[in-house]
Amino acid sequence: MRHPDARQLLSYLEGDLPPGRRERIEAHLHSCPACRSRLEHLTQTSKDLGATLLAVRDQVPLAPNRSWQRIARRRREQHLARLAALLRLPLRRAATLVALTILIGGLVVGLASLAHTLAIAVRAPDDITPTAQATLPANPSSPPGPLPGHPGGPKTPTALLILGIDGESASSNEIDMLMLLYLDAEAKRAFLISIPRDLYVEVPGHGQARAGSVYRIGEEDEATDGLALARETISATLSIPVQHAALVRFESFVTLVDGVGGLDVDVPHAIDDPDFPDGHGGYDLLSIPAGQQCFDGALALRYARTRVEPAPGFDRTFRQRQLILAAQEQVLRPDMLPDLIAQSPTLWAAVAGSLETDLSLSGAIDLALAASGIAAEEIATADLGECCATESIGAKEERILLLQPEKTEAVIRDLLEEKDR
Amino acid sequence: MTQDLIERALAGDEPAARKLHDIHYPAVLRLAYMLLQNLQDAEDVTQEAFIYAFKNLLRYDPERASFATWLKVIVTSRCRDLQRRRRFKWLSLQEWLEVGRDPEDETDEHQPETMVELAGTQQMVWEALNQVPRKSRQALILRYFGGLSYPEMAQALGCAVSTAKSRVAYGHQTLARLLGSGAEAALGYCPEGTE
Chain W
1 MRHPDARQLL SYLEGDLPPG RRERIEAHLH SCPACRSRLE HLTQTSKDLG ATLLAVRDQV
61 PLAPNRSWQR IARRRREQHL ARLAALLRLP LRRAATLVAL TILIGGLVVG LASLAHTLAI
121 AVRAPDDITP TAQATLPANP SSPPGPLPGH PGGPKTPTAL LILGIDGESA SSNEIDMLML
181 LYLDAEAKRA FLISIPRDLY VEVPGHGQAR AGSVYRIGEE DEATDGLALA RETISATLSI
241 PVQHAALVRF ESFVTLVDGV GGLDVDVPHA IDDPDFPDGH GGYDLLSIPA GQQCFDGALA
301 LRYARTRVEP APGFDRTFRQ RQLILAAQEQ VLRPDMLPDL IAQSPTLWAA VAGSLETDLS
361 LSGAIDLALA ASGIAAEEIA TADLGECCAT ESIGAKEERI LLLQPEKTEA VIRDLLEEKD
421 R
Chain R
1 MTQDLIERAL AGDEPAARKL HDIHYPAVLR LAYMLLQNLQ DAEDVTQEAF IYAFKNLLRY
61 DPERASFATW LKVIVTSRCR DLQRRRRFKW LSLQEWLEVG RDPEDETDEH QPETMVELAG
121 TQQMVWEALN QVPRKSRQAL ILRYFGGLSY PEMAQALGCA VSTAKSRVAY GHQTLARLLG
181 SGAEAALGYC PEGTE
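Note that the protein sequences, when read in sequence, are chains W and R. Note that my numbering gives residue 164 to position 164 of the first sequence, counting from 1, and the numbers run on in steps of one. Note that my numbering gives residue 96 to position 96 of the second sequence, counting from 1, and the numbers run on in steps of one.
FYI, nobody ran anything at the bench for these hints, they're computed from the structure. Any given hint could turn out to be false.
[Said to hold, decoys possible] In silico contact screen, one side only, chain R against chain W (beta carbon under 7 Å); selected entries:
1. Gln122
2. Thr163
3. Lys165
No residue lacks a Cβ here, since even glycine has one placed at the ideal position from N, Cα and C.
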């Protein structure tokens with residue numbers, strides 16, 4: 001036969017020939033030293049090539065984190081673009097949606113951050129003294145109603161369990177803060193129940209435990225999901241259907257506040273807290289003068305966390321509410337929108353990166369739409385630890401709180417019926 | 001494992017998507033680097049490939065190819081897109097009409113980065129490989145580094161299976177010539193009619 005050409009030789013080498021042809025080439029190779037030498041060269045080159053490419057491979061510098069960050073950012077941008085297209089809204093409306101989504105994200109994260117210092121955080125609005133109340137913005141932004149052309153969020157009431165973990169205990173799954181946000185878009189009512197982490201609750205399938213440990217228990221058990229277990233537990237404890245849960249890690253609060261360009265806050269009384277913890281076991285003097293201030297993220301967080309009460313009623317709870325209102329006002333300012341759109345990937349990353357939730361993005365938007373119809377100051381609040389629990393000692397001699405079922409039932413009934421008020 | 005991650009990523013699980021990326025990123029970036037020989041370009045193309053893959057995750061069929069291979073095919077075709085975009089600047093009638101050999105094969109703006117340091121035979125092979133015309137060079141890389149089959153290469157290179165094979169064979173001939181392994185062997189063909 002003729003000498004095999006390069007392709008045939010390659011096929012022969014790679015064992016990629018039908019039997020008949022293979023035998024013919026084999027026979028030729030047997031009788032042709034030149035072709036045998038070609039085959040040897042081919043074999044050697046293939047080997048050398050493989051080895052060379054492997055050596056080159058090891059010299060390519062890898063940067064997986066940077067790569068992923070760029071990919072994740074592009075994907076978020078695409079996601080938002082798709083979302084806008086999906087809703088077939090003009091850009092302006094889409095912008096509003098983005099803003100509202102960030103708002104609810106911010107609201108959730110904000111509430112969690114602000115309230116986390118202890119499980120007390122939120123009190124009934126009546127607790128705020130008249131003098132303190134007067135310093136709240138008189139008309140805290142009139143949030144837009146549901147957008148035309150959009151279903152406008154869930155018609156049925158929705159309850160969202162918000163869990164907060166402090167930055168310092170980020171590695172653990174112990175919850176520092178639990179809150180239940182209840183939204184009734186149709187009745188334009190909402191309430192927020194603060195649940196102490198020391199509250200003893202019946203965990204489905206896991207006996208009794210501190211409310212703050214339920215998430216960890218769920219995560220440790222392979223058969224369950226921490227978020228779902230916490231949701232079921234609180235739902236059963238309070239006899240309220242809870243549809244969603246979100247876990248927030250606090251570090252994102254600072255990014256969010258910085259992302260919206262800081263918060264304008266009217267500080268009614270100067271704050272001097274020599275005992276503010278510096279996070280390393282020491283102290284860090286916190287000093288904020290009275291008057292109109294613009295807080296960056298870090299200062300806003302400290303403003304919310306400090307325990308000083310320079311004047312009656314000007315306490316943490318008050319300051320936290322003040323910040324929520326300021327955040328809401330800031331995000332809904334019309335001149336903020338272009339900026340927010342430009343920043344939305346960063347802000348979204350801040351929220352998404354430290355937020356674990358069973359809410360889909362569209363679910364979050366629905367919730368945002370529902371919440372947008374309710375002014376933050378209209379959100380009624382209750383603290384289960386204060387109103388409905390008694391102190392006791394647990395099996396391991398730790399301080400626990402026991403729920404008083406009748407009182408709890410009465411408080412929740414009041415909150416639910418408030419919508420008919 | 002990968003299939004599980006894919007399904008979770010499809011369900012919107014971001015950590016699963018990230019894990020998929022982290023597992024396959026090195027192979028994809030390295031292949032892109034081999035094909036483009038420019039780190040910046042390789043990183044860009046790698047990201048495009050992952051974004052495309054995540055967007056089209058539903059289209060991935062595990063029966064047809066492994067996820068790694070699917071990604072390699074995607075990144076290769078992105079590399080070709082990039083080179084095509086670049087080449088538009090140098091579009092020639094000859095190339096446009098697909099007459100004769102790809103002019104870029106000879107002129108080629110391809111200037112390998114000096115990033116790679118090798119020694120001995122490997123240095124020689126690497127230098128020789130860089131002189132192989134682009135299409136054949138890419139075929140060699142896909143074959144001997146990417147580990148792709150000829151049908152997979154055909155898909156990645158947008159050519160027929162037989163063309164993919166021819167390119168590898170041609171690449172080998174060129175390499176042999178460049179590495180000076182004897183004229184007769186190097187040319188890889190024999191005079192007509194020598195039965």
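Practice prompt. Could you work out which earlier hints the structure fails to respect and list their numbers in ascending sequence?
Written response: The structure conflicts with hint 2 only, although it agrees with all the remaining ones.
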